[in-house]
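Protein chains: 2
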Amino acid sequence: MAAAQEYTVRKLEAGDFDKGFLQVLGHLTTVGDVSREVFEEQMRRRDASGAYHTVVIEDQGRVVATASMVVELKFIHGCSKVGHIEDVVVHPGMRGKRLGLMLVEALIEAARADGCYKVILDCAESNQAFYEKAGLQRKEVQMVRYLDR
Amino acid sequence: MAAAQEYTVRKLEAGDFDKGFLQVLGHLTTVGDVSREVFEEQMRRRDASGAYHTVVIEDQGRVVATASMVVELKFIHGCSKVGHIEDVVVHPGMRGKRLGLMLVEALIEAARADGCYKVILDCAESNQAFYEKAGLQRKEVQMVRYLDR
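Residue numbers (my numbering), protein chains in the order written: chain A, 7 to 155; chain B, 7 to 155.
If you are wondering where the hints come from, they were derived from the structure by calculation, not from laboratory data. There's no promise every hint is true.
A pair holds if it fits inside one copy or across any two, identical chains being indistinguishable in the list.
Within a straight-line C-alpha distance of at most 27 Å, the following computed DSSO-like cross-link-like pairs (lysine-lysine) qualify [what the hints assert, rightly or not]:
{"#": "1", "residue 1": "87", "residue 2": "17"}
{"#": "2", "residue 1": "139", "residue 2": "17"}
{"#": "3", "residue 1": "25", "residue 2": "87"}
{"#": "4", "residue 1": "17", "residue 2": "103"}
All chains should be built: construct the whole structure from the sequences, respecting the hints.
This is how it looks when you write it as structure tokens:
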């Protein structure tokens, strides 16, 4: 009898380029043709800033879920910090296993460890109930302006 | 006869600590007791990251309006960037002069110059019409979790 499947949240690694990291993001939005060099350079820039947390869950050698957070340095609230959770996605074939929740909870813990006074994210109204499971509450409205159109 | 008042958008400077920068932010939310040293250290951290734009408008030697943007490095959209506009506030006595709009437009131009494919922000529903004047459109909902309560 097979043991119950256990999943582990870990940090993004350069080797995840070969494990389908960008393909998983492609289930969220357009990723485009990102070369290994461009991916690694962006990872280096993000790592160097110290402002990013990107977590993944792997299954059978493939990245099947990911989420990111950028930590913003504020002047308000005593020069505090805010964690912006971004780009949360689970491979369609792996949904319903609470992987997304594991990732969001890991980022919330990272935000707490970094000294953030809050975490925020923007999502479609249809995902509100999912984020409520992670203790988030609806507050404001998101406004957007696209610059590349 | 006095000339029509002209306002100029400029970058935040260390000397704005003495020109009421934090007091203006205090019209937005809690700032707390931030010393000059803490302010300057946060400014250095933000400047060193290269990810922040903070703009102000001055009137008679006082900062009367400010807005910030943090530029997030993405993997999506060909490792593109997104500008998060934050902490837009105009001194209550200086509202109705389009200063907020000047600041937001300056940040949108900075986002474009930095190669952002979009700018986003979260605001109260009551401020939606203001941001529509700057070409933004309502899209998603904001979710929040406070960590310091």
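Outcome of the hint check:
| no. | hint | result |
| --- | --- | --- |
| 1 | 87 / 17 | both (21 Å within a copy, 21 Å between copies) |
| 2 | 139 / 17 | within (22 Å within a copy, 40 Å between copies) |
| 3 | 25 / 87 | between (32 Å within a copy, 23 Å between copies) |
| 4 | 17 / 103 | within (19 Å within a copy, 47 Å between copies) |
Going down the numbered hints, you'll see the structure goes against none, and every one checks out.
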